[in-house]
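Asks: Protein chains in written order, with numbering that gives the first Met the number 0: chain A, 0 to 164; chain B, 0 to 164; chain C, 0 to 164; chain D, 0 to 164; chain E, 0 to 164; chain F, 0 to 164; chain G, 0 to 164; chain H, 0 to 164.
These aren't lab readings, by the way, just hints derived from the structure by calculation. Hints should not be assumed to be uniformly reliable.
Claimed, not checked - So the derived label-pair ranges between C-beta atoms look like this:
| id | chain 1 | residue 1 | chain 2 | residue 2 | range |
| --- | --- | --- | --- | --- | --- |
| 1 | F | D150 | A | G57 | 47 to 55 Å |
| 2 | B | S91 | E | A55 | 51 to 59 Å |
| 3 | A | N1 | H | K146 | 23 to 31 Å |
| 4 | C | D143 | A | E23 | 37 to 45 Å |
| 5 | F | D150 | D | D150 | 24 to 32 Å |
| 6 | H | K153 | A | R56 | 25 to 33 Å |
| 7 | C | K162 | B | E136 | 54 to 62 Å |
| 8 | G | P16 | C | Q154 | 36 to 44 Å |
| 9 | E | K162 | C | G44 | 18 to 26 Å |
Think of the CB as a built atom: it goes at the ideal place given N, C-alpha and C, for glycine as much as any other residue.
8 protein chains.
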Amino acid sequence: MNSPKVAVVMGSDSDLPVVGRALEILDKFGIGKEVRVISAHRTPGMAVEFAEGAEARGVDVIIAAAGKAAHLPGVLAALTTVPVIGIPVKSSTMDGLDSLLSIVQMPKGIPVATVAIDGSENAALLAVQILSLKYPELRQRLKDYRKQMADDVKQKDLEVRDKLT
Amino acid sequence: MNSPKVAVVMGSDSDLPVVGRALEILDKFGIGKEVRVISAHRTPGMAVEFAEGAEARGVDVIIAAAGKAAHLPGVLAALTTVPVIGIPVKSSTMDGLDSLLSIVQMPKGIPVATVAIDGSENAALLAVQILSLKYPELRQRLKDYRKQMADDVKQKDLEVRDKLT
Amino acid sequence: MNSPKVAVVMGSDSDLPVVGRALEILDKFGIGKEVRVISAHRTPGMAVEFAEGAEARGVDVIIAAAGKAAHLPGVLAALTTVPVIGIPVKSSTMDGLDSLLSIVQMPKGIPVATVAIDGSENAALLAVQILSLKYPELRQRLKDYRKQMADDVKQKDLEVRDKLT
Amino acid sequence: MNSPKVAVVMGSDSDLPVVGRALEILDKFGIGKEVRVISAHRTPGMAVEFAEGAEARGVDVIIAAAGKAAHLPGVLAALTTVPVIGIPVKSSTMDGLDSLLSIVQMPKGIPVATVAIDGSENAALLAVQILSLKYPELRQRLKDYRKQMADDVKQKDLEVRDKLT
Amino acid sequence: MNSPKVAVVMGSDSDLPVVGRALEILDKFGIGKEVRVISAHRTPGMAVEFAEGAEARGVDVIIAAAGKAAHLPGVLAALTTVPVIGIPVKSSTMDGLDSLLSIVQMPKGIPVATVAIDGSENAALLAVQILSLKYPELRQRLKDYRKQMADDVKQKDLEVRDKLT
Amino acid sequence: MNSPKVAVVMGSDSDLPVVGRALEILDKFGIGKEVRVISAHRTPGMAVEFAEGAEARGVDVIIAAAGKAAHLPGVLAALTTVPVIGIPVKSSTMDGLDSLLSIVQMPKGIPVATVAIDGSENAALLAVQILSLKYPELRQRLKDYRKQMADDVKQKDLEVRDKLT
Amino acid sequence: MNSPKVAVVMGSDSDLPVVGRALEILDKFGIGKEVRVISAHRTPGMAVEFAEGAEARGVDVIIAAAGKAAHLPGVLAALTTVPVIGIPVKSSTMDGLDSLLSIVQMPKGIPVATVAIDGSENAALLAVQILSLKYPELRQRLKDYRKQMADDVKQKDLEVRDKLT
Amino acid sequence: MNSPKVAVVMGSDSDLPVVGRALEILDKFGIGKEVRVISAHRTPGMAVEFAEGAEARGVDVIIAAAGKAAHLPGVLAALTTVPVIGIPVKSSTMDGLDSLLSIVQMPKGIPVATVAIDGSENAALLAVQILSLKYPELRQRLKDYRKQMADDVKQKDLEVRDKLT
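Bound conformation, chain A alone (with noise of 0.2 Å):
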């Protein structure tokens, strides 16, 4: 329990696409990982088993994505105190304001983190932002990481204004 783990849950292998640029950050960053399909609705016994444990297993922060009525990261957060970062899906209908307000709209007592519809990135970012008060040596890589985004964004500054004025 000496190195950082983030537990990433998704409510079916169809967010998995969603879900992977979540993963891609966190090896950037280092972190070790547990990547798990678990229905909050279709295998409710694995999702307690799953976040009951959690702690006993060295999980520092959860991040738990879902679509439509989206209860997964709710069910999580209710069965254990480990953060929990809820990444609201996009599905077919209703532009993903149903997995949005599923997720954000916790009743007093359990709070979700959520992030915006299909955040992924921002919810891998989170964790490690959250991992840092324990391990700060991911501080400055949090502050590198940022570094390096201005630097693109002041490339594309550069880019435009060469294009353009």
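Starting from the known structure of chain A, arrange chains B, C, D, E, F, G and H on it as the hints suggest.
Replies: Positioned in the frame of chain A, the structure of chains B, C, D, E, F, G and H alone reads:
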């Protein structure tokens, strides 16, 4: 188990004013009932115990009311094959849309029979309609109830015609 | 009338691709079925005739699918005490919100058991859950079906863990 | 049948405060009227009888007001070729959006002329505009009414200019 | 002015594919028509001239289609007492909700008879229903048209029953 | 025409409580003003006359407030090249969304500078920012105003820190 | 600083296709321009530097385009008294509603002049209208541009009348 | 810096009633706190100074509450790698949807951990869950708190069962 039985569950006792209107209708039809306060998030273990034991306790139909990210109906539905009717409760923000979408947009595999926002009368009536498959004597009572509703409208119609034409 | 029977009605034959997924599930459970195209607006007389005769024809549950200002489920529900399950069909505008609200927001007195937008699998499964009150042998088949769903998720879970951890 | 006649129907007598403002305008224009309380769901037979007989009773235009899953205007429109004007009534949830979409989003074939949420004055004025095709004397009264409205605005304009400039 | 005449106006020629379906129906009913492209915003003078002259040109009903902040139907309605039917056109954002609200939510005094988003067939049929007050021969044609629609549904019903039961 | 002048127009005198907050700010900056009640729908001729003459009367900026299907700002903008700022006024239904979309979603060619729902203070401040292009002395007053706003926040910050830390 | 100058800023170079249509219009009116890629979130320092220096660099108006939680226009507006025009960019979810509300609903004190979702042509035209306060020669060019737009509509009107009447 | 510290920032002192419920919970858990009023728009410099110095001041987590176009949480998040929790505050229009989308829909790179509209209790509890990574003694307190919440529900459940069964 030879008489009809409906379990009515609310996510918080603050939902009682809404749920109360369902209880009155169940009483009017002489339906046996369990009334419970169970939070999917604050008492997940109670939710599991309640739902997994429902069939054995002779529960024919479950009515579950909840607000905001209203997971209770879906969480119960995942744990039993007893039909679950969901009542989205309007809370202080989003005018009930969050509750509605969190209940009705259940992913493939685990349905919740959803009624209108704050629609507890209809939840009870739907329960009675479902019960009438097993307890045919209820069907006549439903027809009488509908006749009474129609008569009430007709009475109002006469009053309005008298007053306004 | 000794075997289960579900009537599946769609407002237009263009709803068939959505409704077809409900029919497959009913077949899988061995449920007898009537399949109809009836428009609440273009063939109101057919709707009356169909709904008023449903009980006598031995229909246990009605599933009705419609889009836009989707009145069909409510119109049928007003004419019979057989439980009506409504499927809001997404049409070319409003992403299904119009269909959903037109079906779920039924006024006091006449309920429609509403499932997700385009949620025809769940409409069929809800019908089977309701039927199992009268035909108890269906309950075991429902449990087997749920076990199969859970096994599918577990299989996907294993595949994802293999591939990504 | 030589004098104009509008039928004004509401789904519930609780809609009377909204509908009353339409009645006043019809009276101001000297239009004959039928006023009815008919529920598409609780008294479907009355709705059929009312709508199918409307033409024979000399009804030129129907105004129908309803809330929530507001099927009344569409149900009436399906049963007569007399033009139907729909008033979406705001109810206790969803701020009238459910009523609006349930009325305006009518599928191809059966139109309802929809006005604003709670827009009963405009429903009455639209009825008069439609009637003026058959009863040309109404057109001048409409022009006088518009002139009066314009004069009222001009009066307010003068008052505001006096007070604030 | 002894034959029925409908003016069909669109805010941009890009609305022609939507509006075209209204024109076909008007032709089928033998209604005389004016077809115009007039922008409430880019050609406000044309809008004034068109609307103020409509009655004198023998226009019985105006159909106006527009998208986004769709002011055209309301602007025309303010300038004539000829009934105006509004078609909200879906544009590239907001799924038609902007057009719908901009047309249907007209303030007190100036109504627009609004149909569904992209609902041009219904706009034309509503025009014919309105025209039938003045031109009674249209009423029979409307009844025939409805019978044809019903027959089409019945034919589809038979095909679906053959194929699926 | 050597001093700044803003015309403030409201669609109805019931908008005065909202608009009043804009007038106070214009007074604070010493901006000359015209205040008018003009309805795009009930007094379309006044709207044309007002907007076409605005430039000649020395109006630099127009602020127009309206609710529901709020056409006034767009109608004025179509008739003058003077910049028009639109204030969507919240009315009794739809929570201001109808007004907002009717104003902000202007089609290509005729812009309206839209501020927040009921955002009249910002409408006035935006007017002053625009005026400062022509009347540079206003820029310093804007900076002073901003400093005052910042000082107010800092004062509140001190109070809250005192009370709560 | 004797010639008009508009700064056009986008939150990401992926907004260039939208923003490009604004640049073309500015070029057509001969307006000098700065074009920049600046992210309020990834390059906050650049945003501060850009906005605080805008007035000194002779920028008369800023146009800022951004999507999702679109803070860029508001962040820039907080740092300068130069008028800021905001373009909400539609992104992959929520159909632009998130961008629109994040830009238009600015709290009291700091306005952003918001145009339609993806409405970059109107952003440019609004900028020119604002510039015409300081550079009166632009007003005639605006009138010519409007005349050209009107002529285009009239041409389309003639074509449609030829083809369809 | 050896004790947990949360900074709680609100965009306006009018947010204090909402934010106050978060402060109570932080106090209950014995968390050190900074409480500030900082406006992203009216005091942008204070926002920069506050956020850039947060890490050095020993702040572990930031909670930021704001309404309408609620930029504050995102603006702070852009300036520090300390995790930022956003509370969307419901304001007088749009029922909190504007605040929610302005906070949760953050673009790629800078996450904000969003909780429910007006969900300040959950913001505080999420902060404690995050802090427990670094201060493990908090985890037990969280478990006790959850047990207390569960006991409260169980007590209500008993009361309701007594009263209603």
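Asks: Now tell me, hint by hint, if it's right for this structure.
Replies: Against the structure, the hints come out as follows:
1. F/D150 with A/G57: 47 to 55 Å: holds (51 Å)
2. B/S91 with E/A55: 51 to 59 Å: Given about 56 Å between the Cβ atoms, the range holds.
3. A/N1 with H/K146: 23 to 31 Å: holds (29 Å)
4. C/D143 with A/E23: 37 to 45 Å: Holds, at about 39 Å.
5. F/D150 with D/D150: 24 to 32 Å: violated (49 Å)
6. H/K153 with A/R56: 25 to 33 Å: About 29 Å separates the Cβ atoms of H/K153 and A/R56, which means 25 to 33 Å holds.
7. C/K162 with B/E136: 54 to 62 Å: Holds - the Cβ-Cβ distance for C/K162 and B/E136, about 57 Å, lies within 54 to 62 Å.
8. G/P16 with C/Q154: 36 to 44 Å: holds (43 Å)
9. E/K162 with C/G44: 18 to 26 Å: Holds, at about 23 Å.
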